[in-house]
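Let chain L serve as the given structure and place chain X on it in line with the hints.
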Amino acid sequence: MQYTLLVNETAADFARRSSAEAPAYWGAYMAYNAALAAAGVFVGGAGLQPPASGTTVRLRGGARQVHDGPFADTKEQLGGYYIIEVPNLDAALEWAAKCPAAPTGSVEVRPHVPMPG
Amino acid sequence: MQASTVAERAARESYGRLVALLAAKSGDLAESQDALGEAFVAALETWPRDGVPSNPDAWLFAAARRALIDRYRHLAVRDAAVPELQWLDALHAVDPSDPMPFPDERLKLLFACAHPALVREARAPLMLQTVLGLSAERIAGAFLLSPKTLGQRLWRAKQKIRDARIPFEIPEVTQLQERTADVLEAIYAAYGTGWDDVAGADTGTRGLTEEALWLARVLVQLLPAEPEARGLLALMLYCESRSAARRGLMGEYIPLSEQDPSRWQRELIVEAEATLNAAAACRQFGPYQIEAAIQSAHAQRALNGRMDWAAVTQLYAGLVHLTGSLGAAVAHAAALAESQGAAAGLAALNTLPASGTEDYQPSWALRAHLLRRLGDRKGATEAAIRAAGLTEDAAVRTWLLRQNELPDSE
Chain L
42 MQYTLLVNET AADFARRSSA EAPAYWGAYM AYNAALAAAG VFVGGAGLQP
92 PASGTTVRLR GGARQVHDGP FADTKEQLGG YYIIEVPNLD AALEWAAKCP
142 AAPTGSVEVR PHVPMPG
Chain X
42 MQASTVAERA ARESYGRLVA LLAAKSGDLA ESQDALGEAF VAALETWPRD
92 GVPSNPDAWL FAAARRALID RYRHLAVRDA AVPELQWLDA LHAVDPSDPM
142 PFPDERLKLL FACAHPALVR EARAPLMLQT VLGLSAERIA GAFLLSPKTL
192 GQRLWRAKQK IRDARIPFEI PEVTQLQERT ADVLEAIYAA YGTGWDDVAG
242 ADTGTRGLTE EALWLARVLV QLLPAEPEAR GLLALMLYCE SRSAARRGLM
292 GEYIPLSEQD PSRWQRELIV EAEATLNAAA ACRQFGPYQI EAAIQSAHAQ
342 RALNGRMDWA AVTQLYAGLV HLTGSLGAAV AHAAALAESQ GAAAGLAALN
392 TLPASGTEDY QPSWALRAHL LRRLGDRKGA TEAAIRAAGL TEDAAVRTWL
442 LRQNELPDSE
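Sequences listed follow chains L and X, in order. Counting in the numbering used here, the first sequence runs from 42 upward without gaps. Counting in the numbering used here, the second sequence runs from 42 upward without gaps.
For the record, the hints were derived by calculation from the structure and aren't laboratory data. Predicted model only: the values in this text are computed from it and were never measured. C-beta atoms are modelled at their ideal positions from N, C-alpha and C, and glycine is treated no differently. Please note that the accuracy of each hint is not assured.
[Claimed, not checked] Straight-line C-alpha distance at most 16 Å; calculated EDC-like pairs for lysine to aspartate or glutamate:
1. Lys-116(L) <-> Glu-149(L)
2. Lys-201(X) <-> Asp-131(L)
3. Lys-149(X) <-> Asp-131(L)
[What the hints assert, rightly or not] Which chain L residues stay away from chain X? Per the calculated CB distances, all over 10 Å, these:
4. Asn-49
5. Ala-52
6. Phe-55
7. Ala-87
8. Gly-103
9. Asp-114
10. Thr-115
11. Cys-140
With the rest of the complex left out, here is chain L (with noise of 0.2 Å):
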């Protein structure tokens, strides 16, 4: 079964990754990064450019909207993804528990729709 791990951090989090904390901001991501391939659990996944990087589109009336900056302006703001390949409810939590932003920010698990076929 697997799960998306949306990454949600906060302004703080953003702010330390190009601050003098920066090496252990990474530090514990690579860490983070190395436990879920040596389970074998990690399927996928990216580090996001912070919220100020983002852009939004949408077509209405067939016309394009576009404006800069995430959909919506929250307290914390989607950081990074990852997809896991695990049996259950229990164990994806368990690897979001582990995620370097889970004691600041929050990571929301998403079991994915099952693939045709």
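Showing chain X alone in chain L's frame:
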């Protein structure tokens, strides 16, 4: 025995075991319950004609399994997106002719229904529906919800269990205590809902206390090494022993301190004491055992007419320490007033944050009681009015107002 009686008995006694077994394999509670429903209908049609099978459980399970497989075949034809269903093979492995073919999977079912990934309000109703087979209408009445609202809540919870694949498993040791606490909380919520409903004693919801006791007994049987399960069972047995004594002949409210101990049910108290002793033997205290111990102290009054308020005060202090709950803090102040005087109780009450006590009926009721004892009639009256305004129970409202010589008619 009548076939219909046998089927009903099987429904009552085996429902949870059969649902648990089907759902543990399929992960789909809604489908499992529907399939079992079909099996019960089939049983009521064929048993009166062909006789009751030697192992009704096995018969019902086999019929439900067939129904479930049919349903999935149907879905598979209609919707090519249905994934491979290997678990159907697992169901074939059960031999219905075996007199004891089933492992008891109810505990796994309880843990799935009390999973923290489900919305809290859905957990207790879900357990009652899936483990005891209570109808949604019945549960809706007990939780003061419309059947539609409850139906949607249950439906969403079952969808989530299926789609997010909430496991039907006993959690690992690291999670077990926390999850067990969730299961206990849901059972206690079911009991409290039935207990609070004494006001509407004519409705069927009073019976919810019995169902909660039944669930707790199942849990004690399934988790014999968990002292808090025994603590909860003991706590509910003590409360149940007093159910007849908490209302007068005219339905009027009688506070615990004024109840006639001869109206308490002695055999339930005896069972509660034995259950609490068994829990204490595990030497691992928890909030339910402490609450049960407090109720045990109250029950002593039936034996020697005395209350050990110093011990109760200490127990409540322990409960406050463990849970930090407002209810425990107010009860601690009340016990302190009995063991060290009204002024000490009021002082303790005054240390509680106003943000929590402002809308909390028991804190105003206690304040009224203590101020009256301290001779502050004006303050007592004001507090009693606040308490009466916050209570949902008409009998309690009447009692509060009468205590303070206020007009109690609407």
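Hints and how they fare:
Distance hint between Lys-116(L) and Glu-149(L) is fulfilled; the C-alpha atoms sit about 15 Å from each other, no more than 16 Å. Straight-line distance between C-alpha atoms of Lys-201(X) and Asp-131(L) comes to about 13 Å, which keeps the hinted pair within the 16 Å bound. Straight-line distance between C-alpha atoms of Lys-149(X) and Asp-131(L) comes to about 13 Å, which keeps the hinted pair within the 16 Å bound. Against the 10 Å criterion, Asn-49(L) stays outside the reach of chain X, whose nearest CB is about 17 Å from its own CB.
In this structure Ala-52(L) is separated from chain X by more than 10 Å, as the shortest Cβ-Cβ distance comes to about 28 Å. For Phe-55(L), the requirement that its beta carbon stay farther than 10 Å from each beta carbon of chain X is met, with the minimum near 27 Å. Non-interface call for Ala-87(L) relative to chain X: holds, since the shortest CB-CB distance, roughly 23 Å, exceeds 10 Å. Every CB of chain X lies more than 10 Å from the CB of Gly-103(L), the least distance being 31 Å, so the non-interface label holds.
No beta-carbon of chain X comes within 10 Å of the beta-carbon of Asp-114(L); the shortest separation is about 26 Å. At the 10 Å boundary, the C-beta of Thr-115(L) stays outside the reach of chain X, the nearest C-beta of that chain being 21 Å off. Against chain X, the non-interface label of Cys-140(L) holds: every CB pair exceeds 10 Å, the least being about 16 Å.
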